[in-house]
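Residue numbers (my numbering), protein chains in the order written: chain A, 544 to 644; chain B, 7 to 193.
Errors might be hidden in some of the hints.
Not the full set, but computed from the structure, chain A residues with beta-carbon under 10 Å of chain B [said to hold, decoys possible]: (1) F549; (2) V619; (3) L642; (4) E644.
To give a feel for the contact side, a few chain A residues facing chain B, derived at Cβ under 8 Å [unchecked claim]: (5) M544; (6) L556; (7) A558; (8) F562; (9) S566; (10) Q568; (11) A590; (12) I606; (13) M617; (14) R629; (15) D632; (16) V633; (17) M638.
Worth flagging that the hints you see were computed from the coordinates, not collected in a lab. Bear in mind the structure is a predicted one, so any value in this text is a computation, not a measurement. Glycine residues also receive a C-beta, built at the ideal position from the N, C-alpha and C atoms.
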Amino acid sequence: MSLEVFLLLGAGLFAIGLFGALSQQSIVMLMMGLELMLNGVIVAAAAFWHYVAPSNADGQVLIIVVITAMAVEMAVGFAVVTAIFRARDVDMTDMAADLKE
Amino acid sequence: MVTVALFWLFAVGALVSGFLVFWLDSMARVTFALLASFVFVAAEVILLGLAYLGVVIVLMMVMEMVIMVVFMIMYMMNPAGLMPMAMYHNKTGAMALSVGTFVALAAGIVLVDWPQRTGAPPPDPTFALGQALMGPHMLTMMTLGVALFATIVATVVLATHRGRYDRLGDDLRATRADDPVGGGIGR
Chain A
544 MSLEVFLLLG
554 AGLFAIGLFG
564 ALSQQSIVML
574 MMGLELMLNG
584 VIVAAAAFWH
594 YVAPSNADGQ
604 VLIIVVITAM
614 AVEMAVGFAV
624 VTAIFRARDV
634 DMTDMAADLK
644 E
Chain B
7 MVTVALFWLF
17 AVGALVSGFL
27 VFWLDSMARV
37 TFALLASFVF
47 VAAEVILLGL
57 AYLGVVIVLM
67 MVMEMVIMVV
77 FMIMYMMNPA
87 GLMPMAMYHN
97 KTGAMALSVG
107 TFVALAAGIV
117 LVDWPQRTGA
127 PPPDPTFALG
137 QALMGPHMLT
147 MMTLGVALFA
157 TIVATVVLAT
167 HRGRYDRLGD
177 DLRATRADDP
187 VGGGIGR
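Could you build the full structure based on these sequences and the hints that come with them?
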């Protein structure tokens, strides 16, 4: 296998996640798209570690950071959805469009 | 040869299950499709020699997706997927942007002259990761710890039903908080 093939897999996962993040109306489904994008980043970081600089642990540290970012995104995302649903019965992005004003 | 076959099996599995996340109607199935995508990616990570991180991804994602199923059923209008459902906006634009992003990334991946491999993997990559996190990358680890602690506080504050005005009155001047269960020692 080569670095390029792993990176293409990561790019595919990133693109599928981007489609979900941009197209989904439900906030929870939107979060799933973000998770898939980070999934692609994990593959790319692992491939960079293996094929470019395996003697250096930087690639592994990047994966740890991405995994932590996923956990934080999920936890805060669910808390925000709970708060906005409790306050205004909103669970769709279109219904919360006035938040940007 | 076995490695190549396993790579393609896991890669196709990750992409197909990722695609199914936005294709299926049942919210529970959607969540488990996302979990399958994460498990296939973890298998790819293990294939690259990072067994510890691969197992961490599997364990973490299993727990995360089990929690997510609960939230999906709480907030989705069709949790069992018994009727067709579409919850998209600007589907064409999103598809064009994501396909365009993939084409741009693929072009970069194919055209860029990537550097040659320098060095060899250590005999125990997990030990090397631990040494890096406790040595030159200590600041990264400390930042992650503080970020996780801030997340715990922020999520509790966001998810709690009662705010400061419920507890201490409209002008926040109440001497005692109006809590259903009092805190402190000896309550």
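How the hints compare with the structure:
no.: 1; hint: F549; result: 7 Å, holds
no.: 2; hint: V619; result: 6 Å, holds
no.: 3; hint: L642; result: 14 Å, violated
no.: 4; hint: E644; result: 18 Å, violated
no.: 5; hint: M544; result: 5 Å, holds
no.: 6; hint: L556; result: 6 Å, holds
no.: 7; hint: A558; result: 4 Å, holds
no.: 8; hint: F562; result: 4 Å, holds
no.: 9; hint: S566; result: 4 Å, holds
no.: 10; hint: Q568; result: 4 Å, holds
no.: 11; hint: A590; result: 6 Å, holds
no.: 12; hint: I606; result: 5 Å, holds
no.: 13; hint: M617; result: 6 Å, holds
no.: 14; hint: R629; result: 7 Å, holds
no.: 15; hint: D632; result: 11 Å, violated
no.: 16; hint: V633; result: 10 Å, violated
no.: 17; hint: M638; result: 11 Å, violated
Comparing the model with each earlier hint shows violations of hints 3, 4, 15, 16, 17; every other hint is respected.
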